[in-house]
Amino acid sequence: MSGLAGVRFWRETKSRYNLTGNRCGVCGTVFFPPRPVCTRCHRESIGRMEEHKLKGTGEVLTWTFVHEPRPGFEIQVPYILAMVRLDEGPALLAQMVDCGPGEVRIGTRVHSVFRKIGEEGKSGVIYYGYKFVPD
Amino acid sequence: MRDVMVVGTGITPFGELWEHSLRDLGIRAGMEAIRDAGITSSDIDALFVGNMAAGRLIDQTHIGALIADFAGLAGRNLPTVTIEGADASGAAALHHAYLSVASGLHDCVVVGGAEKMTDLPDPEVTEITATALDQQWESFFGATLFSMYAMMARRHMHEFGTTREQLARVAVKNHRNGALNPAAQFRRPVRPESVLEAAEVADPLGMLDCAPISDGAAAVVLCSAERARRLPGPQVRIAASAQAGDTLSLSSRRSLVGFDATSVAMERALKLAGRSRKEVDFAEVHDVTTISEIMAIEDLGFVKKGAGGPATASGMTAPGGELPVNTSGGLKARGHPLGATGIAQIIELVLQLQGKAEERQVPEARVGLAHNVGGCGATAFVHILEVA
Chain A
0 MSGLAGVRFW RETKSRYNLT GNRCGVCGTV FFPPRPVCTR CHRESIGRME EHKLKGTGEV
60 LTWTFVHEPR PGFEIQVPYI LAMVRLDEGP ALLAQMVDCG PGEVRIGTRV HSVFRKIGEE
120 GKSGVIYYGY KFVPD
Chain B
0 MRDVMVVGTG ITPFGELWEH SLRDLGIRAG MEAIRDAGIT SSDIDALFVG NMAAGRLIDQ
60 THIGALIADF AGLAGRNLPT VTIEGADASG AAALHHAYLS VASGLHDCVV VGGAEKMTDL
120 PDPEVTEITA TALDQQWESF FGATLFSMYA MMARRHMHEF GTTREQLARV AVKNHRNGAL
180 NPAAQFRRPV RPESVLEAAE VADPLGMLDC APISDGAAAV VLCSAERARR LPGPQVRIAA
240 SAQAGDTLSL SSRRSLVGFD ATSVAMERAL KLAGRSRKEV DFAEVHDVTT ISEIMAIEDL
300 GFVKKGAGGP ATASGMTAPG GELPVNTSGG LKARGHPLGA TGIAQIIELV LQLQGKAEER
360 QVPEARVGLA HNVGGCGATA FVHILEVA
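If you read the protein sequences in the order shown, they are chains A and B.
Heads up, the first sequence is in numbering that gives the first Met the number 0, so the first residue is 0 and it goes up one at a time.
Heads up, the second sequence is in numbering that gives the first Met the number 0, so the first residue is 0 and it goes up one at a time.
Partial list, computed: chain A residues near chain B (C-beta under 8 Å):
| # | residue |
| --- | --- |
| 1 | Glu11 |
| 2 | Leu60 |
| 3 | Trp62 |
| 4 | Phe64 |
| 5 | Pro68 |
| 6 | Arg69 |
| 7 | Pro70 |
| 8 | Leu80 |
| 9 | Ala90 |
| 10 | Leu92 |
| 11 | Ala93 |
| 12 | Gln94 |
| 13 | Ile116 |
Below, simulated DMTMM-like cross-link-like pairs (lysine to aspartate or glutamate); rule was C-alpha separation at most 20 Å, straight line:
| # | chain 1 | residue 1 | chain 2 | residue 2 |
| --- | --- | --- | --- | --- |
| 14 | A | Lys121 | A | Glu73 |
| 15 | A | Lys121 | B | Glu126 |
| 16 | A | Lys54 | A | Asp86 |
| 17 | B | Lys304 | B | Asp245 |
| 18 | A | Lys121 | B | Glu123 |
| 19 | B | Lys303 | B | Asp280 |
If you are wondering where the hints come from, they were derived from the structure by calculation, not from laboratory data.
All C-beta atoms in this analysis are idealised placements derived from N, C-alpha and C, irrespective of residue type, glycine included.
Pulled out of the complex, with its shape left as it was, chain A reads as follows (with noise of 0.2 Å):
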């Protein structure tokens, strides 16, 4: 990784660090991870997304059990990644702490936390962000 490694999740933390997401000014439907344009409004909405914190609150669509990790997370195997649809609309993707397989469910109410995601090596750039707790 060159020394700028950092830079790219840095451009990121607004969103990771807090749910910022963003919403339509033209019809109100809110996204996550902030999009440039309107799924629906396209290029009317150009220069009217909104920044929108998201309350971080909602519910387990579907779940999975990862026992073969990418690189970075073998020491989080095996880990729970879960799909969330939130309150204000959007879906994200997360892992699911402090609890375990058997208090995961499909329509299971989570809510936001904050974390650490993971690191790039020993000296790496270590990289915060969401994660989901059952309420």
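Fit chain B to the known structure of chain A by using the hints.
Positioned in the frame of chain A, the structure of chain B alone reads:
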């Protein structure tokens, strides 16, 4: 647009081919296709190559130029291009090669797909296949390609009552088919219990629910119909080459139990071919996991949404069934060298339509369908081939 024919095929064995480099594999498949077509290299107007990840897997980009050069064709200054659409790169290359001949720009082209995956340790390959997902919003949080399909499997089970045993039936069928395919990576049947007891990858999917890591290459020669008339061999026509797309990330989709890209590509393909689903005699579908095949037969409209599990368990997709699926062994047993898969599917179609599929021959095969997906469904291709 004019008619385009597949006039030659070439494929390497798929598997852990440590003694062969990417260029060896690509050239071997390409040369075999040229010989099979009964043409010489001076007949070729262009080379198209489907490859997903050589830039990361073997630190080599510019694969089209590399293969043309080591096939001895650099002196002819052929146009070459490498096409990427994740693990649908093979079908994507075929689509663009088809367009070049259908449009009249070229008369005879070679289109290949190749991937060399076993030079890296498995976890790194897992990371590289996950680059087909949304890197910033999915892979970053620990998603792998198989974990995405595992979440779809759980949702499919929840909505339709699909069972773990029905998933296993896909693997059992495709391994049995692969055992009859000389090019397959796994040429041995597996028992349902072995699928259920295999090491877990991403629950509910285990090792035998997932396509393996493979090396391999496949190539076909395409010609205009006029040119093909002067060549020997039974003729196979590309009746339709269609593509559809969707959001890159699964979280933004309308559905978690299927791919709209597959359904739309299928409608487009049927329209282009002027055919109905009932006329399709057999299909090669993108079974990168067992749930993938179940969702594919639903999204392609061969069974209704949710009925894929019971249909598989009833033997509908087995040899001798109403619609034999993945007679080659599919991605599961033939192997899944990413960029090569889309072309390997086409080769199975051609062999079946020419009556050359030996022990796995589908009787009276007149119309075949190939379905190739990129990543977790943001790209889907449907090709329909028929006896000319």
